[in-house]
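Asker: Since chain A is already given, all that's left is putting chain B on it; use the hints.
Taken in order, these protein sequences are the chains called A and B. Residue numbering for the first sequence follows numbering that gives the first Met the number 0, beginning at 0 and increasing consecutively. Residue numbering for the second sequence follows numbering that gives the first Met the number 0, beginning at 0 and increasing consecutively.
Treat the hints with care, since some could be wrong.
So the derived label-pair ranges between C-beta atoms look like this [stated by the list, open to error]: (1) ARG262/B x ARG74/A: 50 to 58 Å; (2) GLN219/A x LEU360/B: 56 to 64 Å; (3) ILE195/B x ARG94/A: 24 to 32 Å; (4) GLY72/A x PHE135/B: 36 to 44 Å.
In case anyone wonders, no lab produced these hints; they're calculated from the structure. Think of the CB as a built atom: it goes at the ideal place given N, C-alpha and C, for glycine as much as any other residue.
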Amino acid sequence: MSSDNSAPLSRRQFITGAAAAVAGLTIAPGVFLLKPAEAAQKADGPRWGLLIDTSKCADGCTACVRACHEENGVRSLGRPETDAQWIRKVNLTERATGHQHSLPVMCQHCENPPCVDVCPTHASFIRPDGIVLVDKHSCIGCRYCMMACPYKARSFIHEKLTDQKPHAPRGKGTVESCTLCVHRIDRGERTTACVEACNRDGHKAMTFGDLHDPDSEISQRLRNYGSTTIRADLRLNPAVRYQGI
Amino acid sequence: MTLKTHFRDIEGRSARYVALLGGLLVLVALGVLAALMKGSQGHYITGMNNQVVWGLPHIFAILLIVAASGALNAASFSSVFGRVAYKPLARVSGLLAMTLLIGGLVILVLDLGRPDRLVVAMTHYNFKSIFAWNIFLYTGFLAVVAVYLWFMIERRMNRYVPIAGYTAFIWRLILTTGTGSIFGFLVAREAYDAAILAPMFIAMSFSLGMAVFILVVLATFLGTGRPLGDLILRRMKNLLGIFVAGVLYFVLAYHLTNLYATRLHGIEAFVLLNGGIYTFLFWVVQIGIGSVLPLVLLFHPVWSQSRRVIAAAAGLVLVGGFAQLYVIVIGGQAYPLEMFPGYDMSSSFFDGVVASYVPSLPELMLGVGGVGFAFLLFALALKFLPFLPASLSDEHVDPHADQSGTRTAAAGA
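Next up, chain A with everything else stripped away, as it sits in the complex:
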């Protein structure tokens, strides 16, 4: 190809401009992304969370799953691949040892939730008390949050729904997930459907409480026995914590 020294912009000008533009684009998202890290942990006010002791979680027991779905009107439409699941029992087998156990997985209510970061319309949001929710009025159904969630915690509503619970509105074409029974919390109750069911069945594998209150049962258990989180490497600081994995 022939060269042309009288190009409208010299190569040097061009490269300088391109480099500046690319640098701008590289830095700009970082500036925005740093915000949540700065705004971390408001010590005043509660942060609601769950502690799950997997050693007490019985294999084959799905009491928490059934209770959650009953509470929030989530039911199977006979299409497993598109049916919503707000909470599920996951069976684990350690490859090195063959050790098996199971545990419930739901929205982990991260302090730095990737779903909130990627949502273009602020429909995914985190409340000051740490509960991560979807605003059903501004969710456009792009499913980017489902791509971003490391826990596969979210479901897209693939078809029309009937018989919804007034406290848990759901709509075709939007995304949803565990609300940590926010309707109960806002009524002043201090437990969730899943925790209630686990206690009722006598397993007592799940504890709900305020992670910011040092005297709460959940905080004391965490302090005394330690815990871990799923995908701790991502440093999202989930409010759902586990013992025994």
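Answerer: Leaving out everything else, chain B in the frame of chain A:
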């Protein structure tokens, strides 16, 4: 010395043109029908599910958006890099860039769970989201290229063409960075979360955009009986070959980097060895049919002289690009999330298993509808505005014109 370039709209009365419009309208109608079906029934009628949340429509949309950015190549070569040979093609290049992008965006919007809430997306922005950025990048691209076209067509504004061309070129690089970053920013999934996806998408935009552009130039010039010389075609096919090689380089760097990290061996084995349809699409379609074969065709000393061979190579590049996006978008989701490293996991929610995805007819209809809409707009624009040069014969594309100081001879581009 180059001859003055005349631009002429097409007459648009031939049976062939009317048939083309009719065919494209049928595609658009199929897309509209699919959108209505999805709107009334919900996404369960598609192959998409809670495991594979983005499907065939997104492949079509990303292909169109990435190709749109690359369709601007010819205009950029002329206005930014001063290659006068491409000057006669600058207008049609800008036009194609706009219509391809519109086609891709229409697919994306119609695949939303709530396309009726587009106004929410246009009024509520979360600037932490690359999606929100992309809304500005896409609409801004349309605006920048529209102004660029205006400067090219309006004689009084011709002197501002280089500035507009420069802006459009930078904008397209940022735009494709944004598209690649949709995946690059996803920390949760093994197949994504890689900065190299942004430049890889830029390389793909160059090759896919060039491939579409070559096919469109061949079709419009031969279809309207305008002279098309071999000089410009030869330049474009050589560039296409270089761009295809560029994409291969990024693919190689991506997989080599992943192969070095033990934690990513699972996803690499899935794509490269035991992923079934994804492995097939990667090796046979993306690499074999979509990259190596076109390279052979484009650089073979004898075969590459034939227009049919060049057209075939461009078509194969598009097929390869489609397969590449399929592997990235669908394959990346089908591979299970590794939530518990070192454990096998199972559940009623398809944890720990490769997710199934079978593209459905409504998805295909929506995808081809967007493609049809893009080319319908393109075909209509050619009829009403002078985008297409009257001739691209070799005297109009004199390779020595660059040194002869006759750049001002070609008006309007």
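Asker: Sort out which numbered hints this structure fails and list those numbers smallest first.
Answerer: The structure breaks only hint 1.
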